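Visitor: Sequence:
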Amino acid sequence: MVTDFRTSTRLDDSPSDGSLTVLVDEEGTPRGLIDSGGAAQAVVVTDSTPLAAVLNSQKALQALLDGAVGLVVVDSSGDIVGLVDRTSVHKELACEIAAPHPLGSDFQPPGDAVWLPPPLRVHCAECGTVNEFRRFSWIKTYPCRGGDHDLVPLFEVG
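Numbering (full-length UniProt numbering), first residue to last: 1 to 158.
Hints listed in this document are in silico derivations from the structure and should not be mistaken for laboratory results. Bear in mind the structure is a predicted one, so any value in this text is a computation, not a measurement. Built from N, CA and C at the ideal position, the CB exists for glycine as well. Be aware that a few hints might be false.
To be verified - Each pair of labels, with its calculated beta carbon distance range:
hint, residue 1, residue 2, range
1, Asp66, Pro100, 26 to 32 Å
2, Asp148, Leu116, 27 to 33 Å
3, Leu51, Leu154, 57 to 63 Å
4, Pro119, Leu51, 54 to 60 Å
5, Val81, Pro119, 51 to 57 Å
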């Protein structure tokens with residue numbers, strides 16, 4: 001790791017083996033990255049940032065499109081704990097784009113509980129038994145739970 005930004009920009013031996021070198025300022029804050037193509041902006045993310053948040057960050061993706069060579073990962077105290085090159089980010093983004101996604105807002109993934117409305121309760125006029133239905137049609141005949149007869153729905157006005 002190079003500790004002085006002014007000194008590191010004068011280095012003629014930039015990495016040519018695919019490695020990344022972090023450029024930091026006097027306080028140790030990452031300011032840039034050097035790869036075989038030269039110096040570029042550093043995109044700094046914390047180690048607690050979920051990958052999905054990075055892949056959906058307009059700022060991070062725009063910086064990569066504008067020439068940033070990767071991500072600098074820092075911990076909560078600001079110390080550098082890792083580097084992610086642009087190629088790795090592109091691969092993860094390609095996997096995310098290629099993964100199946102639901103269409104529409106009414107998608108329910110398998111295994112989730114499906115909310116059902118409470119059953120319809122219909123009293124039998126003949127015996128007074130309460131019959132429960134998930135679906136009920138007035139033109140259809142149903143057997144009553146209270147005995148050996150057809151359900152006679154009770155109509156009460158009141």
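Visitor: A separate judgement is required for each hint: does it hold in the structure or not?
Guide: Cross-check of the supplied hints:
no. : hint                        : result
1   : Asp66 - Pro100: 26 to 32 Å  : 30 Å, holds
2   : Asp148 - Leu116: 27 to 33 Å : 29 Å, holds
3   : Leu51 - Leu154: 57 to 63 Å  : 60 Å, holds
4   : Pro119 - Leu51: 54 to 60 Å  : 44 Å, violated
5   : Val81 - Pro119: 51 to 57 Å  : 56 Å, holds
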